[in-house]
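Order-wise, the sequence lines are chains A and B. Numbering that gives the first Met the number 0 applies: residue 0 is where the first sequence begins, and numbers increase by one. Numbering that gives the first Met the number 0 applies: residue 0 is where the second sequence begins, and numbers increase by one.
Since the hints were derived computationally from the structure, they do not count as laboratory data. Each hint should be verified, as a subset may be incorrect.
To be verified - Once the Cα atoms are required to be at most 20 angstroms apart in a straight line, the calculated DMTMM-like pairs of lysine to aspartate or glutamate come out as:
no.	chain 1	residue 1	chain 2	residue 2
1	B	Lys373	B	Glu431
2	B	Lys384	B	Asp340
3	B	Lys183	A	Glu162
4	B	Lys373	A	Asp82
5	B	Lys183	A	Asp63
6	B	Lys183	A	Glu152
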Amino acid sequence: MHTFLKASAAAALLAATAACASRPPPANDTPVTPPPVQDTVTETETVRTEPVQQSSIKPGSLEDFRVNVGERVYFDLDQYRLDSDDQEILKRQAAWLNAYPNVRVLVAGNADERGTREYNLALGERRASAAKDYLVSLGVSASRIDTVSYGKERPIAAGSNEESWAMNRNAWTQIISGATS
Amino acid sequence: MLKRLMPLLAVIMLALGLAAPASAQLQVRVDEGNFKPTPIAIPDFQVTGTNTQLARQIADVVRADLASTGLFDMQNPASFIQRDLSINAEPRFADWKIIRTDALVVGAFEELPDGKLAVSFRLWDVYGGELMRINGEPGRRLTTTPENWRRIAHKIADSIYTRLTGEDPYFDTRIVYIAETGPKTERVKRLAIMDSDGANQQYLTSGRSTVLTPRFSPSAQEITYMSYEGGRPRVYLFNIETGRQELLGNFPGMTFAPRFGTDGQSVLLSQAQRGNTDIYIMNLRTRESRRLTDHPAIDTSPSMSPDGQSIVFNSDRGGTPQLYIMNTDGSPRACPSGGRDTACRITFGRGRYSTPVWSPRGDLIAFTKQEGGKFYIGVIGIDGKGERLLSESYLDEGPDWSPNGRVIVFFRENRPGAGPQLWSVDLSGRNERRVMTQTDASDPAWSPVLQ
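This is chain A alone, in the form it adopts within the complex:
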């Protein structure tokens, strides 16, 4: 994983008590739904015994996958190799997918804007396939995993800087169907 992302992930851990290592870096990212605001003393005390974010998330739900497992792995510049951090996230994804066998996913491969369109489409496909192959090697049926490449066309971070580019070099596992609602 890119050094920047490691730092970001660490910062995220410190900042958000309920976040785990799989949570993507915070800048410009889709925020986890904040806990409901509690305004009476009694309710606040109840909440204190159990983290709100944990209690509001149903096992097997989209939220469960996003918050407790982690949707994305990030790549170094021009690379599609999965490092040990990426493998950790994909192992959690595979375990989760094996626990919820009706879930189907789409793995989208993405690239940063510092490359040409057509090459980046190919690079995104490589990244999506690398993530899929790893999930399959951990026992997830290949028929449950589709892949697509968006090249540099669908950045998640809009900035034009190293931080955003690192965010945009990813393979993003998205649940298509079968999650608990």
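Knowing the structure of chain A, use the given hints to seat chain B on it.
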């Protein structure tokens, strides 16, 4: 041809790296540093009928086309002395020498009884004091319906340009591109088309599906492009006349980076499957496809040579994206760097090279180069020699050639975060110009000259 027009031709010859033919007319030596645009006067046309406004608009488009080349110095009508020009009479050359113009265009506009319009013109060599014949004729007369008036103007400009420079025409053409709107993270991308000068902009798709990389067929009737229709990125054909879209082929993986073969009977494209991208050619009549590369690296962005014998493409088989040339039939070829191989690498400079496009003249390949945080548009000989960079910015990408191989159109993001715009640059590296579009725009592709 007249002496003072010689520098123009000489510069073009130099830019192309051609040896000047052994002709007395071409002995004028001009290096690019001394380049001076050739003065030309194009007065408003004589009008038969009432529509003086349309006549003036046609003359304006002719002037704008020629001025856009950077090769001509358009003379100010306020300076003209002779005001009684007639298409059927010799101009008073002395009057035009005083204002130091080299070339003079005299035109006449007529409204015809059937509602059509006609424009006639002649081209005069002021210093030589003689008529410049066009295709052996003393002048040209073009007729069309009033809606098509811009095409008459482009055809006149093409005739003048071709007669004075010796180059093939390119004004009466269209450009297809991707019109982009919306925030960066939710961009809407539509297929759009316009005249080469930016007039008559039209959208061809709704924007519901992201579309990318359109390219014209050699007949200018069809476009091949990539669309995410139905969520699956695949190559399609689009018929401009009927508006009909058609999925191309039945490939299991993602297909992208399409480009027509030289004869228009085939489409080159990439298919990515299980993490590997290779190049295929599809015969449009039989709909059979043939795999052209079989390598674990990324092979993409194929472009065929004008003679159909070779294909230049982008591959990272050497570790970084670089340009390679292969024979269309897959046989080994003699590589410029020595030895024989099925694919010869032609770029060895620093940086990453991609999006190669073979020049319609056959001798050069245009590319995008990325080095040191900048992007460049450049050209290189097919033997890998003579690399020249023509443009530079935060992001310059996706060159395509004018049909005469003199001008390159590409897209540019001027600074980080800026939306893409279309630009053009002359093969000499001079005359970088914005091509105006209504929205942000990318992936321009130039049509052949219209019929």
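Hint by hint, here is what the structure shows:
1. This hinted pair checks out: lysine 373 (chain B) and glutamate 431 (chain B) have alpha carbons roughly 17 angstroms apart, not beyond 20 angstroms.
2. Only pairs whose Cα atoms come within 20 angstroms are accepted, and lysine 384 (chain B) paired with aspartate 340 (chain B) is accepted, the gap being roughly 18 angstroms.
3. Distance restraint check for lysine 183 (chain B) and glutamate 162 (chain A): the Cα-Cα separation of roughly 16 angstroms lies within the 20 angstroms cut-off, and the hinted pair is therefore satisfied.
4. As the CA atoms of lysine 373 (chain B) and aspartate 82 (chain A) are separated by approximately 29 angstroms, the hinted pair breaks the 20 angstroms bound.
5. For the given pair, lysine 183 (chain B) sits about 28 angstroms from aspartate 63 (chain A) by alpha-carbon distance, which is inconsistent with the 20 angstroms threshold.
6. Between lysine 183 (chain B) and glutamate 152 (chain A) the CA atoms are separated by roughly 8 angstroms; this keeps the pair inside 20 angstroms, and the hint holds.
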